[in-house]
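Undergrad: Here is what each chain is made of, one letter per residue.
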Amino acid sequence: MTVATRENESRTDLLNLYREMLLIRRFEERCNALFLQGKIPSTLHLYIGQEAVAVGVCAALRPDDYVLGTHRPHGHALAKGVTPHSIMAELYGKVTGCCKAKGGSMHVGDMSVGMFPAIAIVGANAPIATGAALSAKMRGSGQVVVAFFGEGGSNEGAVHEAMNMAAIWRLPVLFVCENNLYGASTPVNQIVAVENVADRAVAYGMPGVIVEGNDVVAVREATRTAVERARAGEGPTLIECKTYRLCGHSRSDACNYRTREEEAEWRDKEPLTWLARVLIEERQLATPSDLERIEAEVEAVMLEAIAFAEESPEPKPEDALLHVFWEDK
Amino acid sequence: MPVMTIAEALREGIREEMRRDPTVFCLGEDIGIPGGFGGAFTVTLGLSDEFGHDRILDTPISEIGIAGVAIGAAMTGMRPIADVQYGDFLFCMMDQLANQAAKMTYMSGGTVKVPLVMRAPVGSTRRGSQHAQSLEAFFTHIPGLKVLAPSTAYDAKGLLKSAIRDENPVLIFEHKLLYGSKGGRSEKGALTAVGEVPDGDYVVPIGKGIVRRAGKDVTIVGKLLTVYRALGAADELAQEGIEAEVIDPRTLIPLDKEIILESVRKTGRLVVVEEDNITHGWGAEIAAMVAEEAFFYLDAPIKRVAAPDTPPPFAPPMEEFYVPSVARVVAAVKSLF
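Protein chains in written order, with numbering that gives the first Met the number 0: chain S, 0 to 328; chain U, 0 to 336.
Treat the hints with care, as some may be off.
As the list claims (entries may be wrong) - Straight-line Cα separation of at most 27 Å, BS3-like style, residue types lysine-lysine; simulated pairs:
hint	chain 1	residue 1	chain 2	residue 2
1	U	181	U	256
2	U	160	U	256
3	S	328	U	256
4	S	38	S	93
5	U	112	U	181
6	U	333	U	302
7	U	256	U	215
8	U	160	U	112
9	U	265	U	215
10	U	302	S	328
11	U	112	S	315
12	U	256	U	207
13	S	136	U	302
14	S	93	S	328
15	S	93	U	112
16	S	328	U	207
17	S	136	U	160
18	U	215	U	302
19	U	160	U	207
20	U	160	U	265
21	S	328	U	265
No lab work stands behind these hints, which were simulated from the structure alone.
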C-alpha cells in the first residue's frame, strides 16, 4: 500500500483539501436531515466516510478532465466543481438544479466542469469513460478520464470490457475502485476471491495500485502518478482505494449486516479525523481554531445552497415532456 | 446515375461523411482487419485503406464496450458509427442503449447530447434463432432513441447521412437479404435491391415516409424486407383488380403518422406486414394508431401479417413458414374484401 510522505504539502494545500472534504461531509449530513424533514424528495446514497477518494482524485485533475460518478455521486460532483447550490436544487427537484430536476440524486453532473451526469447502473460508467478517453486521444486534447466504481461494481461485465479496451488502446483513463467493503449489504470477501480488486489489473496489462483511501494525500499522490502516465500516452491504471462507507447503503439501511465495533474502528480513521490529526498533531501546521474557521465557511455555503434550493421554482408537470431528444427544448 | 447495392450505398455514405467531418469514425468487430470481411456484410470493406485503423477501429468482441465507448465518445465531441455484427447482439448491450444512450440527454435536463449511430443487421437468414431476429420494435419502445429502417440504396445512404448529423442516438436497422453483399458474404435468397444513388451529398430526412406504390383499395405498410413482400403482393392483387397502396415509413421513430393516415383515409383498409413476432409488436402499434386516429375511415378490420410467436427456426421449410411471404400478404388483403 502506498503511503504518501507528509513533508512537502503546505499548510494552505492541506487546509484546502480539508475544506473540500468538509464541504462534502456537511453537504451529505444536511441532505440526510433535509430528507428526514421531508424537504428532499430524492432517494439518497450518502458519501460520508469516502470523501478522501473523490477529493484526492479530483485534486490531481485538470478542470477539463472528465469524471464519471456512480449512484453515490454527490462527493464526485462536488469535488469536480459542480456547485453545492445546483446539486441541492436538483435534490429538491427544482428547475435550477444541475439537471433541471430531471435527474435527482443519482444523476447529478455538469459537463461544463467535466462531471458527466452520474450513472446509477453499477459499472455502466466504465465503458463510457473508456469512450471519453478514446475521444480525448482522437481529438488530441490531453484530457484524462476517471471512472469511479465500488468493489461491487468491479464484478460487472461492463467494467471488464471497459478495462480491456482501455488497455489495448492505451487510453488516458483511470479506473478508481472505491472499496468500501460492502456492496449494499454484501461483504467484499463473499464477492471477490482475490485479496485486492487491484490484483486484477495485471490481467488487463495495466498497473494496479492500492491506496489507503481515507488518506487524501495518498489518494492524490497515486492519482497524480496515474494521470502522468495517462497523459504521456502510456495507458490506463486501476487504483483501489481502501475506504469505508460510514453511513448505510441508502436512506433505509440500518446496517445490521456489520458490527458497531467495526464501524467505530473505521470512524477513528475516517478522512477528516485523519487529516485533522496530520494538520494539528503530526505536522503542527494548523490549530483547532483554523479548522473551526473552515467549519464556519462551509456552514455559510450550506445555508446559501439550501436557501437557493428552497427559493427556486418547481418545474411545470408538462416539463416532463422536454429533453427526450436534443432538439426538444 | 450510379447503381449501387445497399451495402455499397452505406459505404459511400460513411466515406463521404468521414471525409467531410473529422469527428466521424467507425468502430466494431471485424470492420477493418486487413484481409478480413469489412464488417459482417462488407459495409466497411476497404474504408481502412483510406481512413486508417484509428478511424476504422476494430474492437474486441465486447458489445457492452462498443456501445459504451460510442456513448462516451459521442458525449465528448466525436460522432461514432458503431457496427453491430448481428442485430441480436444488441441484447448484449441493452443497458448501454436503453439506460445510458437513450436517457442521457433527458436525465441531464437537455445539457448533454449523444450523437451516435449504431447500425445493426436483422432478418431471418438460415442462421437459427440467435442471428435472425427483427428487433426494431424493442427499440421503438425506448424514448430517446431514433430508429431507422432503410429498404433501398438511395434511402440507406441518405438516412445514414441524416443519422450521422443528428444530435441524438440513432439506430439503423438493415436487412441481411437487402444488402446485396457480394463474394463470400453474399446471402442465399437475397433480393437484388440495387438502385440509383446520386454521387455526392444528399440526405433523406428522418421522419419522412414514402409511398412505394400508389393504390386506392387497401393500404399495406411494411418495413425493410416486408416492403418488397408488400410490393410483390400488390402486383398479384392488381391481377385481381385490387389496387394496393404500399407505404414504407423508412423511419420508425419518429414515425410519419400522417403518410399512413392519409393513405388509410383514402383506401379504408390497412394491412401491416413485419418480420418480427406478432404479439406486442410494431404492427400492433401501427394498428392502434390508425384505430385511434382514423377509425371512422375504416371499412374493414385492420390485419397484421407477422412472424408467429416463436423464435426464428432454422430449417428452410420452417423458416419460410415463419417469415411473412407474398402469399400471406395477399391472403390477408383478400380477407378484407
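Undergrad: Compare the structure with each hint and give your call.
TA: Against the structure, the hints come out as follows:
This hinted pair does not check out: residue 181(U) and residue 256(U) have alpha carbons roughly 36 Å apart, beyond 27 Å. A C-alpha spacing of about 22 Å is found between residue 160(U) and residue 256(U), which places the hinted pair at or below 27 Å, so the restraint holds. Restraint check for residue 328(S) and residue 256(U): the C-alpha separation of about 22 Å stays at or below 27 Å, so the hint holds. At most 27 Å may separate the alpha-carbon atoms for a hinted pair to count; residue 38(S) and residue 93(S) meet this at roughly 12 Å.
Between residue 112(U) and residue 181(U) the CA atoms are separated by roughly 37 Å; this puts the pair beyond 27 Å, and the hint is violated. This hinted pair checks out: residue 333(U) and residue 302(U) have alpha carbons roughly 11 Å apart, not beyond 27 Å. A C-alpha spacing of about 18 Å is found between residue 256(U) and residue 215(U), which places the hinted pair at or below 27 Å, so the restraint holds. With a C-alpha separation of about 18 Å, the suggested pair residue 160(U) and residue 112(U) falls inside the 27 Å cut-off, and the hint holds.
Between residue 265(U) and residue 215(U), the direct Cα distance comes to roughly 6 Å. Compliance with the 27 Å bound is thereby established for this hinted pair. Distance restraint check for residue 302(U) and residue 328(S): the Cα-Cα separation of roughly 38 Å exceeds the 27 Å cut-off, and the hinted pair is therefore not satisfied. With a C-alpha separation of about 23 Å, the suggested pair residue 112(U) and residue 315(S) falls inside the 27 Å cut-off, and the hint holds. Among the hinted pairs, residue 256(U) with residue 207(U) is consistent with the structure: their alpha-carbon atoms are about 9 Å apart, no more than 27 Å.
Annotation: proposed proximity of residue 136(S) to residue 302(U) is violated, straight-line Cα distance about 53 Å (limit 27 Å). Annotation: proposed proximity of residue 93(S) to residue 328(S) holds, straight-line Cα distance about 17 Å (limit 27 Å). Distance check on the hinted pair: residue 93(S) and residue 112(U) sit about 22 Å apart at the alpha-carbon level, within 27 Å; holds. Restraint check for residue 328(S) and residue 207(U): the C-alpha separation of about 21 Å stays at or below 27 Å, so the hint holds.
Distance hint between residue 136(S) and residue 160(U) is fulfilled; the C-alpha atoms sit about 25 Å from each other, no more than 27 Å. For the given pair, residue 215(U) sits about 17 Å from residue 302(U) by alpha-carbon distance, which is consistent with the 27 Å threshold. Restraint check for residue 160(U) and residue 207(U): satisfied, since their Cα atoms lie roughly 14 Å apart, inside the 27 Å limit. For the hint pairing residue 160(U) with residue 265(U), the CA-to-CA distance comes to about 33 Å; that exceeds 27 Å, so the pair is violated.
Restraint check: the Cα-Cα separation between residue 328(S) and residue 265(U) comes to about 35 Å, which exceeds 27 Å; the hinted pair is violated.
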